Structure formats: structure tokens, C-alpha cells
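Undergrad: The primary structure of each chain is shown beneath.
There are 2 protein chains.
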Amino acid sequence: MNSDTHIVSSFDRDLESVQAMIMKMGGLVEEALSNAARAMETRDDELAQQVRENDRAIDTLEEQVNAECARVIALRSPIAADLRTVLTVIKISASLERSGDFAKNLAKRSTVLSQMAPIPGAAIAIRRMAKTVELLLKDALDAYIQRDAALAAEVRQRDAEVDQMYNALFREFLTHMMEDPRNITACMHLHFIAKNIERVGDHATTIAEQVIYLVTGSMPEEGRIKGDETSYIGVE
Amino acid sequence: MNSDTHIVSSFDRDLESVQAMIMKMGGLVEEALSNAARAMETRDDELAQQVRENDRAIDTLEEQVNAECARVIALRSPIAADLRTVLTVIKISASLERSGDFAKNLAKRSTVLSQMAPIPGAAIAIRRMAKTVELLLKDALDAYIQRDAALAAEVRQRDAEVDQMYNALFREFLTHMMEDPRNITACMHLHFIAKNIERVGDHATTIAEQVIYLVTGSMPEEGRIKGDETSYIGVE
Chain A
1 MNSDTHIVSS FDRDLESVQA MIMKMGGLVE EALSNAARAM ETRDDELAQQ VRENDRAIDT
61 LEEQVNAECA RVIALRSPIA ADLRTVLTVI KISASLERSG DFAKNLAKRS TVLSQMAPIP
121 GAAIAIRRMA KTVELLLKDA LDAYIQRDAA LAAEVRQRDA EVDQMYNALF REFLTHMMED
181 PRNITACMHL HFIAKNIERV GDHATTIAEQ VIYLVTGSMP EEGRIKGDET SYIGVE
Chain B
1 MNSDTHIVSS FDRDLESVQA MIMKMGGLVE EALSNAARAM ETRDDELAQQ VRENDRAIDT
61 LEEQVNAECA RVIALRSPIA ADLRTVLTVI KISASLERSG DFAKNLAKRS TVLSQMAPIP
121 GAAIAIRRMA KTVELLLKDA LDAYIQRDAA LAAEVRQRDA EVDQMYNALF REFLTHMMED
181 PRNITACMHL HFIAKNIERV GDHATTIAEQ VIYLVTGSMP EEGRIKGDET SYIGVE
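Line by line, the protein sequences give chains A and B.
With full-length UniProt numbering applied, the first sequence closes on residue 236, and no number is skipped along the way.
With full-length UniProt numbering applied, the second sequence closes on residue 236, and no number is skipped along the way.
No lab work stands behind these hints, which were simulated from the structure alone.
Treat the numbers as computed from the prediction; the structure is a model and nothing was measured.
Possibly wrong hints are sitting among the right ones.
Here are the simulated lysine to aspartate or glutamate pairs, DMTMM-like style, with alpha carbons at most 25 Å apart [said to hold, decoys possible]:
hint: 1; chain 1: B; residue 1: Lys91; chain 2: A; residue 2: Glu68
hint: 2; chain 1: B; residue 1: Lys91; chain 2: A; residue 2: Asp14
hint: 3; chain 1: A; residue 1: Lys24; chain 2: A; residue 2: Glu46
hint: 4; chain 1: B; residue 1: Lys195; chain 2: A; residue 2: Glu53
hint: 5; chain 1: B; residue 1: Lys91; chain 2: A; residue 2: Asp59
hint: 6; chain 1: A; residue 1: Lys195; chain 2: B; residue 2: Asp59
hint: 7; chain 1: A; residue 1: Lys91; chain 2: B; residue 2: Asp55
hint: 8; chain 1: A; residue 1: Lys91; chain 2: B; residue 2: Glu209
hint: 9; chain 1: B; residue 1: Lys91; chain 2: A; residue 2: Glu16
hint: 10; chain 1: A; residue 1: Lys195; chain 2: B; residue 2: Asp55
hint: 11; chain 1: A; residue 1: Lys91; chain 2: B; residue 2: Asp82
hint: 12; chain 1: B; residue 1: Lys195; chain 2: A; residue 2: Glu229
hint: 13; chain 1: B; residue 1: Lys195; chain 2: A; residue 2: Asp55
hint: 14; chain 1: B; residue 1: Lys195; chain 2: B; residue 2: Asp59
hint: 15; chain 1: B; residue 1: Lys91; chain 2: A; residue 2: Glu63
hint: 16; chain 1: A; residue 1: Lys195; chain 2: B; residue 2: Glu53
hint: 17; chain 1: B; residue 1: Lys131; chain 2: B; residue 2: Glu53
hint: 18; chain 1: A; residue 1: Lys91; chain 2: B; residue 2: Glu221
hint: 19; chain 1: B; residue 1: Lys91; chain 2: A; residue 2: Glu221
hint: 20; chain 1: A; residue 1: Lys91; chain 2: B; residue 2: Glu63
hint: 21; chain 1: B; residue 1: Lys195; chain 2: A; residue 2: Asp59
hint: 22; chain 1: A; residue 1: Lys195; chain 2: B; residue 2: Glu229
Please take these sequences and the hints and turn them into a complete structure.
TA: This is the structure in C-alpha cells:
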């Protein structure tokens, strides 16, 4: 019993540095999303540039997480729950890295949008959507740290709100494009921005599902209907 | 020496079933892409529906790969190159699963597009792009099976062609939208289809990079400039 406890806590210690990297990655991704959306709203090209440069730090952290996880596996030969934890960490860091890429792409497009006539209400709507996704990501990582399957399940449900926001924006941008062809290029960028933020929401959901897998040992059932319905939008 | 060979081949045998699953996944993803693009060109809703249904088989294979890799790690406690192989397999199957999702989305949008006036030349261009990406994916997986770093490096370079095709299509669809607002909804779907195929190309590149990592022990340098320049496209 005592030796069991010792092994577990020793393994947890081995993973401490990885957990710290994951939390740091999460913080950087939330910041990148927030700053990219703010740069877009305030047309601040310097801030957008900064977001793009900071993405490298997120990429580097993912590489470090992968290297450290490989080191821990080689060192400890974990099995069962411990092994599951390490494999989960690798997947979570991949989701965070992809989310960072999406924030970087938002920042790129924000620089282009700042040279075009603004689409009324777009920047505020995008920022609200980004804010919702930031919180989702934060809660998904909190669920991971606290091994809180209930919070993870809540994150999965809340991603539906993001999908609804996206569906509404998709229709709105389409309307702007049809009303005035001069809006088309700007709205194309806004479409891709909204889609990318929606994808970060999907990654928060993926992280939440990993947490549920970690805690319960099995992946959640397909409880939530996929909310991006825009693939089906037909002739208006 | 003899015992070394024995250990290696025993580990390879453990991975045989996983390798078979990866090849099966790759075949299913190539088929899904090909059929989705064909369904779009021939406006064949039944074929599109079939692509959507077949995606579940790809998802199931990814779960099986993950489970089998965890089993092999627990059983063999692999280190160094063997461990690297297992972790690579997990990442490759994740890339294939995502690629399958993109093919499924193409099939969904193809069903919607079949109800709209066709955009001249679009279906053929999309199918050509899909074909190029299928070959890229095939070569990336061949590089993996043969541990061929040179072929993997070639895949990375060839992904630039896909990016060029995407950039050209992006501009073309934008022109159609501006010329006639009745094209806007169809072109929006075409934009997302082209982007999704381009993303499958990125996954082929990711697989190629994993192969290079597997063979050489380090990730390739940033040798290739990111080719999707459409984030920067400004006022026409």
C-alpha cells in the first residue's frame, strides 16, 4: 500500500514539469486568442504582429511536452492509468498547438481587415465569440488539472453555444456579401476567422473528452450533436 | 547482436497489427476523398451519403490504434526508437482521422452544392486538387512504411503545389462572387471545400514530418514556406 502510494506520487512528480508546460501553453493560447480578437477590434497591427511572433513559444512548448513525455515513458514504463495520463497529455498539447495556429491566423487576417472598410458589428461579435472560446479552453484545462469529469462534460455541452454563435455569424456575413459586393473580400476573411474560432472550441471539446477518458477510462458517448450546421446552408 | 535483432523483430511483430490498421485507415481516407470529389463532380448524392457513413469506420480504426499502442507500450515498455515509433503511429492515426473528417465535410457540402447552379470549372478543379492530395497522403504513408526520409522530404515539398492550387482557386471563387451575387452561397461552400482539401495536404506534410523524425530522430527544419497566402489577400 505504502509502496503503491510512493510509486503513484513519484510518477506524479515526474509529470509535474509536463503539467506546468500544459498550463503555460493554455495561458499563452488564451492570451493569443484574446489579443488577436482585440487587435482586430481596435485595428492594432502591432498587437497582431506580436500575436504572430508569440506563436513560436507555443510550438516550442509542444515539442518540449512531447520530449518530456517520451522521457517519462522510457524512464517509468507506466501502465494503465499512468500511461493513459501521458498519452492524454500528448493529445492535449497537440490541441493547444493547433489552437495557437488558429489564433495566429486570426491575427494575420486582422492585419488585412484593418485595411478594409469595417463590417458593422463584426469585430464585436468575433471578440465575444473568442471570449466564450477562451473560457471554454480555460475550463477544459481546469477540468484536466482537477480530473473533473463533470466540468469536462459541461465544457462539451457549452461548445454548442459557440457553434450557435458561428452559425449566426455565417448567415450574417453572407447577407453582407449579397447586399454589397464590396464587402465580399472582408467577409471572406471574417468567415474564416469565425470558422477558426469555432475550431478552437472543438479543440476545447477534444480536451474535455480526453479528461473524461482519463477519469472514467472510456470516451464519452456521442452525446452532443455536431453544431456547425453551415455545411448544409443552401440557397437563400 | 543476435538478441538485439530478436528484440527488434519481436517489437515489430507487436506493431504489425497497428501498421495494418494505419494502412487500412490510409486506404479509407484516400477512397473517401476520391469519392467525395467524384460525388461533387457528378452530383451523386448517394455516393456523398456513403462517404459520410463510411467515416465512422475511420474513427473506429483510430480508437483501435490508440488502444493497441497503449497495449504495446504497457506490454513492452519500449524506449528510444521503439517508443518513438509508437508515439509516431498515434500522431499519424490522428492526422488520418482528421483527414477523414474533412472528406466527410466535403461530401456534406457536395450534397448542398448539387442543388445550386454549378460554378463553371469548379468541380473539376476541386477534383484535381483532391487527386493531388490523395497521392500526397499515399506517398506519406509509403514513406512511413518504408521508413523513407527522402520520400517524406519530397512530400513536404510537393505540398507547395497543393497550396498553389488553393491560392488560385481562392482568387477564382472570389471573382465569381463579385461578378454575380447569386454565386455567393455556392462559392462559400467551394471556398471551405478547397480549404479543407488544403488541410488534408497539411496533414500529409505532418505525417511526412513524423517519418523524418522517426528515421532521423529530429524534426525537419522549417524548410518550406507556408504556402496558403490567402490570409493576406486584400482588396481586389
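Undergrad: Of all the hints numbered above, which does this structure not satisfy? Sort the numbers upward.
TA: Nothing - there is no hint that the structure violates, so all of them hold.
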